[in-house]
Structures are given as C-alpha cells and as structure tokens.
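Residue numbers (the working numbering), protein chains in the order written: chain F, 1 to 639; chain G, 640 to 1111.
One should not assume that every hint holds.
Claimed, not checked - Covered by chain G, per the in silico footprint, the following chain F stretches (three or more residues, Cβ under 8 Å):
#: 1; stretch: 76 to 88
#: 2; stretch: 296 to 304
#: 3; stretch: 470 to 480
#: 4; stretch: 571 to 585
#: 5; stretch: 620 to 628
Stated by the list, open to error - 30 Å max Cα-Cα, derived BS3-like pairs, lysine-lysine:
#: 6; chain 1: G; residue 1: LYS744; chain 2: F; residue 2: LYS573
#: 7; chain 1: F; residue 1: LYS636; chain 2: G; residue 2: LYS1050
#: 8; chain 1: F; residue 1: LYS567; chain 2: G; residue 2: LYS769
#: 9; chain 1: F; residue 1: LYS577; chain 2: G; residue 2: LYS832
#: 10; chain 1: F; residue 1: LYS563; chain 2: G; residue 2: LYS845
#: 11; chain 1: G; residue 1: LYS1047; chain 2: F; residue 2: LYS573
#: 12; chain 1: F; residue 1: LYS73; chain 2: F; residue 2: LYS133
#: 13; chain 1: G; residue 1: LYS744; chain 2: F; residue 2: LYS567
#: 14; chain 1: F; residue 1: LYS574; chain 2: G; residue 2: LYS845
#: 15; chain 1: G; residue 1: LYS1106; chain 2: F; residue 2: LYS578
#: 16; chain 1: F; residue 1: LYS431; chain 2: G; residue 2: LYS1106
Claimed, not checked - Quick partial rundown of chain F residues pointing at chain G, CB under 7 Å, derived from the structure:
#: 17; residue: ARG286
#: 18; residue: ASN499
#: 19; residue: GLN503
#: 20; residue: HIS631
Please keep in mind that the hints were generated in silico from the structure rather than gathered at the bench.
For clarity, every value in this text was computed on a predicted model and none was experimentally measured.
Every residue gets a Cβ at the ideal spot worked out from N, C-alpha and C, and that includes glycine.
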Amino acid sequence: MSEIREKVDVCVVGAGHAGCEAALACARMGLETVIFTVSVDSIALMPCNPNIGGSSKGHLVRELDALGGEMGKNIDKTFIQSKMLNVSKGPAVHSLRAQADKAEYTREMRKVLENQEHLTIKQAEVTELLAEKLETPDGLATKKITGVKTYTGAIYEAKAVVLCTGTYLKARCLCGEAITYTGPNGLQAANYLTDSLIKLGVEMRRFKTGTPARMDKRSIDFSKMEEQFGDEKVVPFSFSTNPEDVQIDQVSCWLTYTNEKTHEIIRGNLDRSPIYAGIIEGTGPRYCPSIEDKVVKFAEKERHQVFLEPEGLHTNEMYVGGMSSSLPEDVQLAMYRTVPGLENCKMVRNAYAIEYDCINPGQLYPTLQFKAISGLFSAGQFNGSSGYEEAAAQGMIAGMNAGLFLQGKEQVVLDRSQAYIGVLIDDLVTKENFEPYRMMTSRAEYRLLLRQDNADLRLRKIGYEAGLITKEQYDYVCKKEELIAKEIERLENTKVGANQTIQKFLESKGSSTLKTAASLAELICRPELSYELIEEIDKERETLSDDVIEQININIKYDGYIKRQLKQVEQYKKMEKKLIPANIDYDDVSSLRLEARQKLKKFQPINVGQASRISGVSPADISVLLVYLEHLRHNKNNQ
Amino acid sequence: MKTDTIAAIATAVSDAGIGIIRISGKEAIEIADRLYRSKNGKKKLSDVTSHTIHYGFLYDEEEMIDEVMVAVMKAPNTYTKEDTVEIDCHGGILVMHRVLEAALKHGCRLAEPGEFTKRAFLNGRIDLSKAEAVMDMIHAKNEFAMKASLKQLKGAVSEKVRSLRDEILYEIAFIESALDDPEHISLEGYHEKLEEKTTHLSAELKKLIDSADNGKLLKDGINTVIVGKPNAGKSSLLNLLVGEDKAIVTSIAGTTRDVLEESIKLHGIGLNIIDTAGIRDTQDEVEKIGVEKARKYANDADLVIYVVDSSCPLDVNDEEIISLLCGKKVIVLLNKTDLDNKVSEEDIKKSFRKIYEGMENVYEQQSLRIIRTSTKENTGIDEFEHSIKDMFFEGKIAVNDEIYITSKRHKEALMEAYDSMQMVRQSLADDMPEDFYSIDLMSAYASLGRIIGEEVEDDLVNEIFSKFCMGK
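Next up, chain G with everything else stripped away, as it sits in the complex (with noise of 0.2 Å):
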C-alpha cells in the first residue's frame, strides 16, 4: 500500500564522503525508528525533542549498513511542514543508496521529483510569490526524470517489462470478459491456468528485480557516440575495443541496421558505446535519416568519438560533423597512421576553430584531445584508453546522478509488481473468487506501466474487445 511519507536523497549523489536521507511525513519518526539503533540501544527517535540530532547505526533488520547523525524535526517547524528525519551517512554512494532501500523497505515511498518542495509549498511553507518557480522546478524535474528514465532503460529490458505487461493484460481481460459476459466466455478450470502463469510472471519479476540489483537494468556508463565519415575506421573501432580481452556486458542490435550498440568496461569505467552510420553530404533520403540519426546520439552524449580517416584531406562533411559536437567532449581519432598521412593535429584543430569561431567556451568545454591512431595495426588505442581514463577521474567526463534516482523507482515499481503478484498467489491458494485476482493483477500491470512510462488509460477495455468475442 502507498503510503504519503516520503524519502530520498537530498544531497546531489557524488562519491565524496557524507550525504542526507531525508524522510518526512506523518511516520516520518516511526520509520526512522524502524531502521536506527543508539549506542546503547536504548534510545527511540520518537522520545526525542524536536529538532535534536543523534547519532547511532543504521540497520536493515539485523545487518547494520552505516555509523549516522540523525536529525529529528517534528511538524511543523520543518522544510516541508511535516515530520521530517534526516540521515547524515558516511559511507559513500553504495551505503545512501543501501539507508534509502531500508527507508523504503520499512515504509515510505520514493519520493516524486520535486515532491519535498511542492509539499513545502502545499504546506505554506514556501512564499506564495514563488508559486511560479516551485511549477516551473516540478515540471522541469518531472521532464527530466521521464528522460533520463526511458534514456538509461535497456531496449531488452523494456522489451521483457513490455511483454510481462502484455500478459498480465491478457488474463485480466479474459477473466474480465467472462465476469461481463458470463454466458458467452467461461472461466472453468482457469484457477490451475492462473496458478501456473503467476508462478511464470513471479519468476520474471524476480529475474528482473535481481539485475536491478547488480546494475544490468540500466545503461549505468558514460553514453559514448563514435561518428566519422563512411570507411574512417568506426567498427574496426569498436571491435578493437570489444574484443576478446574486453569484457562485453551486453550486445543488443538497434533499432535500424545502422546504429550498434555496446556495452563495455575500460580501466573500470563503463562505456555504452554507439557507433552511428558515416556521415556525408547526400541525396540519399536513407543516407540523411542516418544522418539524422547520429545527430540525435550526439546529443545525447556524455563523450563522441569522432574518427577521421588521415589518408583523406579534410572535407565539407567532416565541417557538418563538427558542427554536431557543439557542447560535448570530443576526442578526435586520427585513424589509418599506416597509410599516407593527408591530416595534421593542426588540421583538425584549425577546422574546430574555424567551426566554432566566437565561440571560445564551447571549444573550451569540448576538451578535444587528438589521438594517433591505426585500427589496423592496433596502434595508438592504449593511449586513447588512457585519455578516456584521465579524463573520467578528472572529472570531464560524468556520469548522470539520476541513473541512481532512476534505478531506485524502476525497483521499487518491480518490487510493487512483485508483491501484487503474490497477492494474487494467496487469493488464488485461498481459493477466493475469480473477480479477486484481477484486483492485484491490475496492480502489478500499473507498476510496471510506470518503469515504461505508460499509463492505464483504457487499456483493459480495448483488450477485452480485441481479444475476445463478447456480445448479445
């Protein structure tokens, strides 16, 4: 059951030491109480007075996770009005992330983007003057969030949360179709069906729920784009880069021939590499869709790879690709040393310049680096390894904090599926009435919806009238 006391982390995710849980609402302290232990275990967080700070450790059941501070602030002197705890850990990204799961295992919810602030203001907390700025703020988070969302998804991942979905629907809209129309649709013998496909949906689920944990859920790596003119040298590239000595997370085809995508660990840090199709001028209207294509992921990316065949003089196909890299961190691979060298570092510096004239903080911010390379002969490629190392522990290249944001909801909305599911399982083994089940069916459909983000809208009614024949 969703309750309205909320958590999350209120610090910007980062690896640098301390961070805040923050929980508020009406079991704010209650929870809290749930998961913190006193130095000598005496201490309960809702004997305190207000606005006092404890320190102690945290537990998750009997598995202690971190040595904390918490502040208890009870309503309604408090940011959001409301009971608030704050949980000052030590440990790192891996220890708030592990006191959040607790926090939600024990009762709260993940709280919405922009949620501590709306109640803030729902509460009267904030000066109505700012009515405008706390809409804007949800608005833009909520946009943001469904991005990031449906951007750090797996194409296999919401595939299987798709076809999980799809049968879940299915049996809801027949035993909906025979509760409506119980003379022309019979649910005879469709318990011991039931029985089997929730034993199915659960083992899924579950399946789900443990990549969730280990990571596999998400594109959790740097979004790395390879762009360059045809027969620069992209896929000897990538194959170079995943080949047999690197491990492969992943493989999963794109959606259209042209664009591959990879997951792959350097020196430790994850890289989910696309190699987009060769840019160049063209009539072609498959071409420029290609085109079009490799625009968009470089968009979306933290770092492009942009490969340039040395043997060919620069050419107005190669000003087009720059142009696509206005804001991102750029390495430029000089590909192909063992042939005729046509391309200088000068060369390629020079048309950035050129490209970006005026705009001396976008060259600034792009970071080029320029590699020597040849793909064929496997030379200059651990020095790009290392560029791309340097570059990441430098702090040029950063992952999104809100892939952790991201993969807590997706879990927390698996888990819920999950437990609807059970819910079924029990109402199945008490041998309660067929219209029973489709109550926590539906459930676990609309938890699932949110990982894809996609509503329930009619989405029973229209699959009762496709699938089944109903009618006087």
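One chain only, chain F, in its complex shape (with noise of 0.2 Å):
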C-alpha cells in the first residue's frame, strides 16, 4: 500500500478565523488550496466572547472586508445585536461590535467555505512540516516549504503553506487543579507541529489566555441587572451588505457587578488559581484579565463590570463578560453565585484558561511570510495576536501574499497610515511583543485618516489588484471617491452673502449671523451644522447618498487635524521608502551603537522606517545607517 501523495498550490493550516480567511483568500485568486482542521464541525469556531468588532476591531473588520474578506459578510448574516460604540466621541474612533449567533456564525463560514472553488476542506491534523533547502540563498531565505505531512502519514505537495493553528499547538487547559491536554471546548490538541517547526529552526514560545464560564440562561435572575439593548438603527460591516438588511430584531446583552463578597472568595482562594500558584507558563494578556488579576491588581476597586452575553437565538447559554478565571470549578460556582442575578446559576461550562505554543513573530517579513523559509506563511493566535478579528485580518494579508508569492507577483504591505492591519502587522513584526497582542486604537498614530467609515476609499483598490475585489466594486469606490472630490471642491467655492434669508436661516439653527459672505463649507464646519442641515440654502446641491454624504461632512469638519496627520504621514512615508538590502552586513556598519547592531540584526527590517521603530535604535544610529545605505547605493551604481 502506498502513501497517499497529492499536488496543491497552497496548504492552510487551521480553519479558525485567520485560517477561513487565508484560504478564502488563495483560492479566490484562482489556486488550489487544501484547508486542513482537526476538526470541520469547528470551522470558523468562536471559542470565547460571542461578539464580533469592538473598539479598533471593528475597525480591523472593515478593512478586511474592504479588501475582500469574508468576517463582515459572515457577521452581518449571523449577528443578533449590533451597536456603534464611541458614537459620542470623534468619527475617528466610532467603531462597530455585534453580538454574533455563535452556531450560526460557524454555519455560515462553513457553507461559504464548502462552496468556494478551488477549496477543498480536510480534516486532519498536520504534524510534519516539509522543506528542502535552498541552493542559492533568497535574500534571508535559506530553504523553501515543500508540503505538510498529516497525522496519517498523507502528504501534501505544495509550493506555499499558511500557518494558522491558533491555540492548538500543544495546548493544556487549565481549571484549577484539573489539567486536560486539549485545544479549546475539549476539540483535540495538536502536539507534533511544534517539533517540527523546531527542526526547521523556527524560535516557539509559550503564551495562555482565557475565558468565564457560560451560564443556563434559566437559571439567572435578570430583574436584578440592567438590560442593554442594540442600535435602533443598525449599521452593517460590510461595504457589500445592503443596510436594509440588517435592521432585524435583536436580542439584549445584560450588565450587572461583583461586589466585595465576590473579591473575598477569589482573595481566599488564590492558592488554589494555578496562575498564582506557579502551574501557568505562559504569558497572559494584560487587557483581559481573569477577574482573579483584576482583584488582585486593582484591589481598590469596589466592583467590576460583568456582562451577560447570549450565545446563539438556539441555545440558552449566556456568556459572562469580565469574568473570565482559572481557578479550581467549586472557587468559580461560588464566586459567581455572589454576583446579583446569578444567585442561583448553573454552570453550563466552566471558565478555563488555555496555554498554547506560538511564534516569536519578529522572524516574519511584515508580508508575513518567514524569513528564513521561502513560501512559509502565518497569522492568528500562531504570530502571537489575540482575538477573532486581528486572526482574521492577518489571515487575510497572509492568504492574500502567499496568493501573489506564487503569482510571482509582489507582495502587499500595508503601512501604518494605510490600515489598522498595518498598523497590527508592523508592531508583532517589529517590536518586541511579551503577551498576546490585541488591537488597540492608541496604537495607531494616524487614527484620524483610518476611519472605519472610510476603509473602501483606503484599501478597496489593493484587493482589487490582488483579485478578490470585483470590477463592478472599484468602480463603486471610484466613483464614490471622485464624486466626494467634486462635492467638497464646489462647497469650497460657493459663497453665501450675509442676506437676510441667510441670516434668518442661521439664526433658526442656533448659528451666529454673518459679517461677510462665507463659503458653504465654512459653515458646514460650524459645530451646530452639517451638510444636512444647509440643505435649505444650498439650492445648486444634486442627490448624493448617505455614505458620501458622511464623507463630506468628515472631511470639511475636520479638515486642520486631517491636514496635520497628512504631514506627519508625509515624513513617515520619506522613511518607509528606504529600503534596507536583505544581504545587508551591519557588522560592516562601524558606527552603530552595540545594541543597535544587535537589534538590526535580530529583526532585519525591511525599510529605514521599520528599523527606526525598533527599540534600542536612536535617531543617531538612524541617520548613521542612512549614510551608510547612501554609500552602498553609490557603490553599486558605480560598479
């Protein structure tokens, strides 16, 4: 009996969230590709929190549906409660979060998945990574992926392979003194993979995270919380989705606290919570922590938060926000019990915390391929990242590159004024990473240009060059971005006189009158007017829909902070196109401070930009290496 040996373009490892893109991703742009799970009934699996989006994320979300991604379709189809967080505060941060169908969500993924040419659905675990190596090094490449080898001995030729295992690798899952060696939800853990990216000289390390328990919906008392409903009117993710179709009726999320009986039973028993106890090796992320850190860090603190999520239209499980633990399953019934509303609770499934192996993600290009293997790629949980939509996002980037890897074609980067996933990508790539990283809107610096409204304009045109943005979409886009252009331009340059219906259409507003004549635009700019709102004394205007609307008033609005951030991205850019040879010798770079050196050689970054973000690299080494590439690009002119 022989092996089975198979030929594909491209291999996906993992059909999480980063897995379900990358694939996606591929076999839009027309290549074979094989996505492999340990499990198919887990596709697209939402193991933690019900909801997709949030601060920043959904931000993430956008952008990935901007440039072809399936997470803002799949969610629209499937949530049941959405809101517009931060809408009292600049546009710059509103940012969309849905509760999403957990049962339906995975459906839905899968149906997309299964029908999608060109993609074929295996479950199996990987277990051998194949490579040979190079003849002729490639830049920092010494060897190139050849295939992955399954469980069963199955083996897969291809010339590209993404990495996506999430949580999977050699994962244990931890509820007090009880240890099981599985994956999330008891799904079976992957052990061999890591072994086998040793052997191929990738550096591992160990990072944990969490989640609280779900609770029998019947068995909570919910008079005694506060009901937290949906927008009235909902908007979708998706650039693609009609908004019509999202306005369905939805289902409350519930908010109550713990108090001081509840801090007393987790001080009480912190002996027995295997973080505190030592058990634990991973790292865990600081901006979800177990209630058991949020009471022993912000022991102050009175009360948290505690919100309760429903899982799905289907099942009676509820999700409590903020509570997520470690300790042992009687600590965790007790001290949720003391929490009003859940005075009698059941526990469906208890908290747990999952420790799980995963890369140092400073041995990727920010294309996301390795650096060391040609045609190795990978995103998610595996590069160190937290969460559903920063998997998702990676996934995409990475699918979409190793797409255009073996179309010869040259990958994508997107820089940190372009997107959140730049932003996302350059920071795991480039700086050094101790916790499972999350999206946060603090680390974009040029947030006021990476709106979650105007994601199409930014980014629709990179999936279109890449192919999985059709025609009929960039049109839209462009369109869209030239009728914005006009619209501004003629507001700029028609002016109102200070006539009396001018004056009396102002004053009718709460505006000050006008000394001299005005621009429409400078009104528009006045805090207590809008587009909107100047339609009255506006007679030339021509219909525009809502969303270039949106657009206009963005733009006129803020228009002195949006031309500050375009000048600081114009200084960013001059850096970012520096590139750094990868054969480069910093050994050959005398004046660079020690640790400098070392630094640069760790991370090999690909332009002078990426290097100045590198700590331990000052300005002075900056401008030393400037010189230096100045040098060697005379060299080599000259030769």
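Starting from the two chains in their separate frames, assemble the complex, guided by the hints.
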C-alpha cells in the first residue's frame, strides 16, 4: 500500500478566523487550496466571547472587508445585536461591535468555504512541515517549503503553506488543579507540529489566554441586571451588505457587577489558582485579565462590571463577560453566585485558561512570510496576537501574499498610515511583544485618517489589484471618491452673502449670523451645522448617497486636524521608502551602537522606517544607517 | 510642525566677537527674509543673486538684534546642496544666540548634531570615500550631545520634566482606555477636569521656559569637584565658599548622602561644586562605593580642588587621590595651617611627579597650584578665589561650548510641549471630541521626553494596563 500523495498550490493549516480568510483569499485568486482542520464542525469557531468588532477591532473587520475578506459579510448574516461604539466621540474612534449567533456564524462560514471554487476542506492534523534547502539563499531565506504531512502519513505537496494554528499547538486547559491536554472546548490539540517547526529553526514561545464560564439562561435572574439594547439603526460591517438587510429584531445583553463578597472568595482561594500557584508557564494578556487578576491588581476597585451575553438564538447559554478565570470549578461557582442575578446560576461550561505554543513574530516579514523559510506564511494567534478580528486580518494578508508569491507578483505590505491592519502587523514583526497582542486605537498614530467609515476608500484598490474585489465594486469606490472631491470643491467655492434669507436661516439653526460672505464649507465647519442641515440655503446640490455625505461632513469638519496628520504621514513615508537590502551586513556599519547593531541583526527590517521603530535603535543610529545606505547605493551604481 | 529647514551656530561659541549662524533647507532664504532688513529697507534676500553678501540688520519682529552681513547661496552649489544662508554677526555670544533663537522662532528647526554634514553627504556633496568618517562623526557628536545634555541638566529640572511627563501620560492613558473600552470607562465630566489640568501644565511649562531664559535649567558653570581624605576640611571649605557673603544659586541634595552639590558665583564666575566623601583605603563596602563616586566625579570635572590636611604626613591614600587627577586642572589646598605643619609644597609636587613619572604632559596639563589655607581661621581663601579667577581668564579652565546648544535644544523642546498644550486647550475650547485631545497631549509628552533623553516606545500601552482596569 502506498501513502496518499497530492499536489496543490497552497496548504492552510487551521480553519479558525485566520485560516478561513487565508484559504478563501488563495482560492479566490484561483489557486488550488486545501484547508486542514482537526474538526470540520469547528470551522470559524468562536471559543471565547460571542461578538465580532469592538473598539479598533471593528476597524480591522471593515478593512478586511474592503480588501475582499469574509468576516464582515458573515457577521452581517449572523448577528443578533449590533452597536456603534463611541458615537459621542470623534468619527475616528466610532467602532462597530455585533453579538453573534455563534452556531450560525460557524455554519455560515462553513457554507462559504464548502462552496468556494478551488478550495478543499480536509479534516486532519498536520504533524510535519516539509521543506528543502535552497541551493542559493534568497535574501534571508535558506530553505523553501515543499508541503505538509498529516498524522496519517498523507503528504500534500504545496508551493506555499499558511500556518493558522490558533491555540492548538501543545495546548492544555487549566481549571484549578484540573488540567486537560486539549484545545479550546475540549477539541483535540495538535502536539507534533511544534517539534517540526523547531527542527526548521523556528523560535517558539508559550502564551496563555482564558475564557469565562457559560451559564444556563433559565438560572439567571435578569430583573437584578440592567438591560443593554442594540442600536435602533444598525450599520452593517460589510461595504457589500445592503443596510436594509440588517434592520432585524435584536436581543439584549445584561449588565451586573461583582462586589466585595466576590472579591473575598477570590482572595481567599488565590493559592488554588494555577497562575498564582505558578503552574501556568505562558504569558497572559494584560488587557483581558482574569477576574482574579483584576481583584489583585486593582484592589482599590470595589466592583467590576459583568456582562451577560447570549451565545445565540437557539441556545440557553449565556457568556459571562468580564469574569474569565482559571480557579477551580467549586471556587468559580461560589464566586459567580455572589453576583446579583447569578445567585442560583447553573454553569453549563466552566471558565478555564489555555496555554499554547506560538512564535516570536519578529521572524516574519511584514508580508507575514517567514524570513528564513521561503513560501511559509503564518497568521493569527500563532503569530502571538489575540482576538478573532486580529487573526482574520492577518489571515487575509498572509493568504493574499501567499497567492501573490505563487503568482510571482509583488506582495502587499500595508503601512501604518494605510490601515489598522498595517499597524497590527508592523507592531507584531517590529516590536518585542511579551504577551498576546491586541489591537487598540491608541496604537494607531494616524488614526484620524484610518477611520472605519473610509476603509473602502483606503483599501478597495489593493483588494482589486490582488483579484479579491470585483471590477464593479472597485468602480463604485472610484466613483464615490470622485463625487466626494467634486462636492467638497463646490462647497468651498460656493459663497453665500450676509443677506436676510441666510441670516434668518442661521438664526433658526441657533448659529451666529454672518458679518461677511462665507463659503458653504465654512458653514458646515460650524459644530451646530452639517451638510444635511444647510440644504435649505444650498440650491444647486445634487442628490448624493449617505456614505458620500458622511465623508463630506467629516472631511470638512475635521479638515485642520486631517491636514496635520497628512503632513506627519508625508514625513513618515519618506523613511518607509528607503529600503534596506536583505543582504546588508550590519557589522560593516562601523558606527552603530552595539545595542542597535544587535537589534537590527535580529529583526532585519525591510526599510529605514521599520528600523527606526525597533526599540534600542536611536535617531543617531538611523542617521548612521542612512549614510551607510547611500554609500552602498553609490558603490552599486558605480560598478 | 517640524520643518526641514535647519539652523545652528556654525562657528565655535566664544566671546571672540564674530560668529556665523547657518541656515539650510528649502525655506532658508524665505526665513532669512523674515529676519533681515537692508539699510533702505527695500532689499529682499529672495530677489538677490546667488552667492552674494549683503549688509543689513537683523530683526526679531520689531526689535533690532544686530548689524550683520548675510551670505545667500542657492542650491546646488552649497555645502549641503540646499539653499543656504549664513548670517555673520558681530555682537558676541549673547547676540548669536538671539539670532539663532529668532531663526528658530520664524520657522527653522535646530539642527541635530552633525546634521549639516549628514545632509551634505546624503545630497552627494561629500566624497563617498568619507562615508565612514561621516558616520563616525555623527555617532560621536550624538553621543557627546546626549551625555552633555544629561550631565548639564539640573537634577531638580529633570525631576520636574519627569513628573510633568507622568501627569500628561496619565491623562492620555485615561482617554485612550476609555476609547478602547467605552463600556467600562466613562469620560463623563472629563472635559472640565482636563481643562484644569492643562491650565496647570501650561503654567508649569511656562515656568520652565522662563527658567531656560534665565539659564537656570542647566549647571552653567565650571564643574568643580572637591576631593581629599576624610577630615581634611573639605566640608568646611565648601561652607566657607557658600557662606553668607556668597550668592547661593541653588542647593540640591545629591542622590546619596555622600555627595553635596552647590552652585556659587566667585568674582562673576559660575562654579558647580561637588563635595565628595573622603577617600581612604578601606575594606568597607559603602566607603568603597564613595571612592568610586569620587573617581567618577573627578573624571567629569573641569577643575579639581584637592584638600590636604597639612598636619598629617602624606600617605598611600594621597597617592590614590593624586592618581585620580590625570588630565585635570588641579588646585591643592594645604589646609589646617593653624596646626603643626607636616606637609610642604615641595612634598606635594614630589608626590605628583612620582605618580605621573614619564608623563610630563599630564603634569603640565594639571597647571598645579598649591595654596596654604586654614578654613578654621579663614586664611588663604582669598588667594584661592583669585587663583580660580586667574585660571579662568587665562583660559586654563573653560566652560563647555556644548552647554549653549543644549540649552537651545531644551528650550525648543519645552516650547513645543507648551505649544502642543495650547492646541489641546484650543480643541477643548472648540468642543472637539475627546480623541482629538490625546493627539497633542502625545506630542507634548514626546517633546518633553527629548529633554531627558527618553523615547516614547510603549509607555502609553503600559500606562493604560497598569492604571486602568480594562477587559472583557
């Protein structure tokens, strides 16, 4: 009997949020793709919180959608409540968050995968990566990927492999003293791939994360909690979704609080927590701390918020947001039962912490390809990030670049001024992260430009060029861009005089009267006015769609700030354009400080901008590097 | 907003009359035009032919600063291959600084150490074979500037800058955590609180800027270190020098008990005096640290005062001390002349010669002066003060030039921080949403960081996680 041997273009390992996007991108680019999962029933599983989006994460989903990704469309089909966060704040920090029907989300995504041309789903554990030595090194790469091998010995030859293993590598779940060697939700862990990676020279590390308990809805007293409603008018995630299709009946979430009694129980049982007892080795994230972490680190806080969120329409399970824990089950139950409304709660699933292997993403290019192994890409929690949205965004870039790599085209790198996705990936591959990385709005220095409302204007073109956006979709954005520019120009050039009609109009809107003539744009600039509100005195206007009007308002109202950021971006881009050759020998750059030299050798930045963001590399080191590069360039030209 | 047109003093800073301010970059001539007025008031530098020199006056707004010659050189035939203006002024150090300051105020940025040369190189003006030399120069100048900057900043000032930065960072972290986790952290009523905070921060920054103008930010004097064995009379000497009739500028307690720092003026010459712990051969760990400290301070000093108890014969400890004084200007005080005299001037000279045997140039450099004093009876102190004065005016001890540049750099950073704070106040007044505040708060934070040599890195994210409880 001989083994199974198949030939494909791309293998995607893992079918979580990263894997799904990566596989869809490759298949949609016309490449024969196989996606491996330990369980076909857990495609696009949401093992933790039942929502998509949130501050800055919502931005990622919109950007992903603009590039041609699936997450936005899928949540639009399966959400049960939706909210635009931060609406009282500036447009740059408005962010969508939707509660998902988890089972529906999984089912819908599976349907999309199953019906995607060029894509095959395979239930199997990948245990080994196949690679061969390159005869002549390609940049920093000394090896190239040739395929994968599964537990049963089947071999899939492929020219590119995308690793999206999530939390499954050597996973173990901890609940007090009870330890199980499984992935999330009791799914089978992947225990072999780590060794194969180490053999290939990949540096591994261990992270941890956690999830709270799920309660039986019938055991909860909602009368003791505050009801949290969705928005009256829902905004869809996807630019392709018709807004009318998402105006559905929504379900509520519920808010309650911990109290001193809860904290007492936690403090009294800390010695039984695997984290405080030192059993957990992995580094956990600071941004979604377990409830025991919150109680210890913020001892002065008398109470912490707890959100009860439905896991779907056809289940009684409720997610207990804000109370993840790795305490033993008995302590968990006692602690949850101190919370108003949960006095008689019944736990369907207990909270647990999970530890898993992942990589130091400094080993990747910003294209998400391994520097040392040609054709090997990776995305998601495997890269040390956290969150469904962060995973999906990377999955898209890794998949798209694997496709472009096979097509022999230039790969896509989004920079920090283009997208949150750019910030996410640049942070991952350039900075030293010591915990699972979460997207945050404060990480995006050009966030006034990176709004969720203009993701299509920023990124459709890139998606189109990669073949993931249709001509029709792209033309729509081009047209939109043109309409916005034209209308703003008209508004800036249309003056209204200080005549009686205008003054009366202004008074009626509670706005101060004019002393001299003013442009319509100047009027829109006033906090109390907007494009819509001045319709009465703007006779020549043509009918425009809501999304165009939104852009006009924002661009006019925040013009000063936007121009300032554009100027900063101009400075930033200068350094991003200065490329560093892959074969640079930092030992030859004599005047670098020792620390800078070591860091540059370790990270091998692709351009001077990236180099300048590595901690330990000073502005003086950058000056020295610039002089050196200029020297190299001239020497090359003279040869 | 940072521009790409840079300015700096191109000649060594000295009291010797003439000095040149160089401006280079796209807007060089335009900026110079804002400062320059010809005799008849009609000439515009932007109209003149390249590579010509023009007589006139330099103004900061309506105030005349100096009578100058201005050379206008257009790209590409200049040192940096950019438009370049050189202003020749005549009025000494102070005037040069006024001119530089005016250029900064009207749109220039202070050049980074080595930046003119860097530009010259990058623009192809300097021979490529010199790449290594250029890199070394940039490296050295930056290291020096950084060292000088930290060394010269008064302890109390860096403390202040640090605490202002902490305050700013806290506010940014609060805003950002509320933006990232709006359901856990609310910004209600924050507007008023931030308004108060920025009033306070602006006032504090203003104070620092004023003290920069008064030269109070930096230790702008001769770095003087007093060394000697325990009980030789070092502290008595310091007390005498800073006594009632002398002007005490500041008094900053050192980082450890064994170092005391005083700034005084002697005959109009500023001295920063550091009194070190007594040096003796010891097994005591704490004392050993004291000796190490004294060694470090002596190494950084412009002038070392070595106090000897002349009632005790010289011993190995004195040899240890003398060996610390390599390359330093030294005044030896033979103290306690009111007691039995066991050490002569000749003994001292002999010891120095013995230790620096075969190093004639070191001995020469030290320009050793020996003075007999009694701190108890206050004799010889006048002679000692006059010696310092003489050494200064003979040019044997000099104040580091870098200090003037450092002070400009610090002031520029403070001004930027102040301007950013005003932008925040403007956003508050305009009732902008909260996410707009943190943009300028962050710029202020970064500007202040440059003064104490700290980069921004991941400060904000760390602050958010340590101060605010986020999380699902």
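Against the structure, the hints:
1. Residues of the stretch 76 to 88 of chain F lying with their CB closer than 8 Å to a CB of chain G number 3, which satisfies the three-residue condition for coverage.
2. With 4 residues bearing a CB less than 8 Å from a CB of chain G, the stretch 296 to 304 of chain F meets the requirement of three and the coverage assertion stands.
3. Coverage of the stretch 470 to 480 of chain F by chain G is violated. Counting CB-CB distances below 8 Å, 0 residues qualify, and the rule asks for three or more.
4. Coverage of the stretch 571 to 585 of chain F by chain G is violated in this model, with 1 residues showing a Cβ closer than 8 Å to a Cβ of that chain against a need of three.
5. Check on the stretch 620 to 628 of chain F: 6 of its residues sit with their Cβ under 8 Å from a Cβ of chain G, so the three-residue criterion for coverage holds.
6. The hinted pair formed by LYS744/G and LYS573/F meets the criterion: a straight-line CA distance of about 27 Å does not exceed 30 Å.
7. A C-alpha spacing of about 43 Å is found between LYS636/F and LYS1050/G, which places the hinted pair above 30 Å, so the restraint is violated.
8. A hinted pair counts as satisfied when its Cα atoms are at most 30 Å apart, and LYS567/F with LYS769/G does not qualify at roughly 33 Å.
9. Between LYS577/F and LYS832/G, the direct Cα distance comes to roughly 42 Å. Violation of the 30 Å bound is thereby established for this hinted pair.
10. The hinted pair formed by LYS563/F and LYS845/G meets the criterion: a straight-line CA distance of about 28 Å does not exceed 30 Å.
11. Straight-line distance between C-alpha atoms of LYS1047/G and LYS573/F comes to about 29 Å, which keeps the hinted pair within the 30 Å bound.
12. A distance of roughly 41 Å separates the Cα atoms of LYS73/F and LYS133/F; the hinted pair therefore is violated under the 30 Å criterion.
13. About 20 Å separates the Cα atoms of LYS744/G and LYS567/F, which keeps this hinted pair within 30 Å; it holds.
14. With a C-alpha separation of about 34 Å, the suggested pairing of LYS574/F with LYS845/G is violated against the 30 Å cut-off.
15. For the given pair, LYS1106/G sits about 38 Å from LYS578/F by alpha-carbon distance, which is inconsistent with the 30 Å threshold.
16. With a C-alpha separation of about 22 Å, the suggested pair LYS431/F and LYS1106/G falls inside the 30 Å cut-off, and the hint holds.
17. For ARG286/F, the interface hint holds, the least distance from its beta-carbon to any beta-carbon of chain G being 4 Å, beneath 7 Å.
18. A cut of 7 Å between beta carbons decides the hint on ASN499/F: the least distance to chain G is about 28 Å, and the hint is violated.
19. For GLN503/F, the suggested interface contact is broken, since its CB lies about 23 Å from the closest CB of chain G, more than 7 Å.
20. Hint status for HIS631/F relative to chain G: holds, with the closest Cβ pair at about 4 Å, below 7 Å.
Violated hints, listed in ascending order, are 3, 4, 7, 8, 9, 12, 14, 15, 18 and 19; each of the other numbered hints is respected by the structure.
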